[in-house]
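Fit chain B to the known structure of chain A by using the hints.
Chains A and B, in that order, are what the protein sequence lines are. In terms of our numbering, the first sequence opens at residue 11 and continues consecutively. In terms of our numbering, the second sequence opens at residue 101 and continues consecutively.
No lab work stands behind these hints: they were computed from the structure. In this text, a Cβ means the ideal position worked out from N, Cα and C, and glycines have one as well. Treat the hints loosely; a few may be bogus.
[As the list claims (entries may be wrong)] Far from chain B by the CB rule (all over 10 angstroms, computed), these chain A residues:
id, residue
1, D31
2, E233
3, Y362
4, I427
[To be verified] Dumping the calculated DMTMM-like pairs for lysine to aspartate or glutamate here, alpha-carbon to alpha-carbon at most 25 angstroms:
id, chain 1, residue 1, chain 2, residue 2
5, A, K471, B, D113
6, B, K228, A, E233
7, A, K465, B, D144
8, A, K299, B, D238
9, A, K471, B, E115
10, A, K209, B, D238
11, A, K227, B, D192
12, A, K465, B, D284
13, B, K105, B, D284
14, A, K212, A, E71
15, A, K227, B, E115
Now for the letters of each chain:
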Amino acid sequence: MAAPLRYESQVRTPLVVGQKDYHQVTEDIVRPIEAAPSKLWWIGFLISVACLLFGVWSVTEQVIYGVGQWNLHRTIGWGWDITNFVWWVGIGHAGTLISAILLLFRQGWRTGVNRAAEAMTIFAVMCAGQFPIWHMGRVWLCFFIMPYPNTRGPLWPNFNSPLLWDVFAISTYFTVSLLFWYSGLIPDIATVRDRAKVKWRKLMYGVLSFGWTGSTKHWQRHEALSLVLAGLSTPLVLSVHTIVSFDFATSVIPGWHTTIFPPYFVAGAIFSGFAMVQTLLLVSRKVLKLEEYITLEHIEVMNKVIVLTGSIVGIAYLTELFISWYGQNKFESWAFAQNRVNIFSPYGWAYYLMMGCNVLSPQIFWFRKMRRNLTVTFFMSVIVNIGMWFERFVIIVTSIYRDYLPSSWATYYAPSIWEIGFYIGTFGLFFTCYFLFSKFFPVIAIAEIKHILKKSGESYKDNMDKQEKMPVEEFAHQYAHAH
Amino acid sequence: MAVKKFVVGIFTDEEVLFPAIKKVRSAGYKIHDVYTPMPIHGMDHALGLRETSLHTAGFIYGITGTTTALSGIGWVFNSDWPVNIGGKSHFDLPAWIPITFELTVLFSAVGMFLTFLYICQMAPFVRKHHFNLRSTDDQFTMVVECTEKSNEEEIKAYLQSVGAAGINTQVAETGWWLGRYDRDKTPFEHKGATLA
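Okay, chain A solo, but in the shape it has when bound (with noise of 0.2 angstroms):
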């Protein structure tokens, strides 16, 4: 009980660098905050509203005009609009497999990138949800899709659709990463309000700390509260990309219809959601100044993972066309063959530049060098999700494209302006709010890294030399008992 310093050993690489106190971290991590935005914010957040102006001019033309402003048709009727959502609900997987799925596997490195990987798990929902609410066409309908007694029968949705069951899942995922990533901020935000000399902060942190004091027993029920959200998190993260793939996995569409579809999207969401951890991360810490914080070792990290996921991701496109061919499902083994693999398709380019993307080039992962390279790893960031991006458009497009009546067959599919408008003004929303957030919000949960900082702190492991050197006896007599 006497000792919470808990011994690390020297092998394991400090996850907080530099001589840090607690006050030097909240010093370093809340200074951007404190500061004014800096010329490139500025920069960054005017191109991003931008964008956003322009995706909401393109949602305006289609909510005035209808959904023929898309080039969707009847052979068609799924492009743009539901790759990126399933892109965008992808990476937003990985902001809670960091606090949650981490957190109950004990990793101490995801102090330092968990609080920025949710808040952009948020953002990419919210990006997520605006495919699916446009396209439905009248959309100032949209609120038919909830269950709620109604004066039209009542009649109410189909509980049994897998397109109902991901309203429900994307829906609970939102609300539940927005708790997880706000009961988080709480005690950081105290730290800010308590260090605001200007009134407007102190009114504005005032209010959003919910008058945290940090008593003892608020962070016991604080730490409960997480764990358990973590637990429940945990088989949520996983339930959502399996209920969107079941979207196209419960339907009888060839190339659609496999039974392998949910833990391959899952394994392709985590990988994408790293990716784009990495692409936020590496621009944020170099801007902000957090180098110390989210170190190379973090970066490592993550590498690793997209390398295994990236491998997983590649062992489901090699079963898939196993399967297709094994299965001797005629109209099966044509859409793979022919629509995907046959590279003189029409679609064939789409297709290998997805494998080249997602499986071949995450391989130089295995090397150590290059996983710890930042060039290389913002490089690899952005190629993996436009190889992501890719795949959803193969798995959706290439399996449409062609159906069972050859005289529907539309041969080539290209968005109109105002798709691609949308799907721009959907990276304006996301950065809008990554630029407002890193602003406004610590970038890394400032009293996570204080628990950690005596054990993986750079200036406290030195110290810890002499427990390396200590006889059995005498580390097992001082540390055995302690936790």
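Just chain B now, with coordinates in the frame of chain A:
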């Protein structure tokens, strides 16, 4: 809500704080609370706090969600409006699993979060007395309540002896009130401390 008098001991190191808590408690002083910038494992046990029941609440909320989903879907599909969907069974339990699972998680998470706010008395525009503003930064603040039996000077001396880096006395409201952090005004006057 009560206004009381407290001796506040400020510590800079949790390794000094832990034995100090033990000593102050065994000396018979009443620790009101300890405020820390981060969760410190074992602190609740050191203070003799009981384990929180928040988990149990979460379980109950979860079960409520499960029941709501199953009974709701079951009622809609079997009694209120039985639609024939491709000749499938009206009691189609496997197809209800996804929504049942999602509602279980949703009810549990939302319920627990709201319960957490309620039992910690936290909400927007709620204000509380903060004994030391740096206890959300880098200091650990032990607050000892002055009772009729205890002597203020004695507590101060004792806190000093167990390693407190700074000591002061504060008269404070123990509850919460509606207020803003940019205004120091309290909605009531301090009429002096009541000694328990």
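Hints and how they fare:
no.	hint	result
1	D31	violated, 7 angstroms
2	E233	violated, 5 angstroms
3	Y362	holds, 34 angstroms
4	I427	holds, 36 angstroms
5	K471(A) x D113(B)	holds, 17 angstroms
6	K228(B) x E233(A)	holds, 21 angstroms
7	K465(A) x D144(B)	holds, 20 angstroms
8	K299(A) x D238(B)	holds, 21 angstroms
9	K471(A) x E115(B)	holds, 16 angstroms
10	K209(A) x D238(B)	holds, 23 angstroms
11	K227(A) x D192(B)	violated, 45 angstroms
12	K465(A) x D284(B)	violated, 38 angstroms
13	K105(B) x D284(B)	holds, 19 angstroms
14	K212(A) x E71(A)	violated, 42 angstroms
15	K227(A) x E115(B)	holds, 19 angstroms
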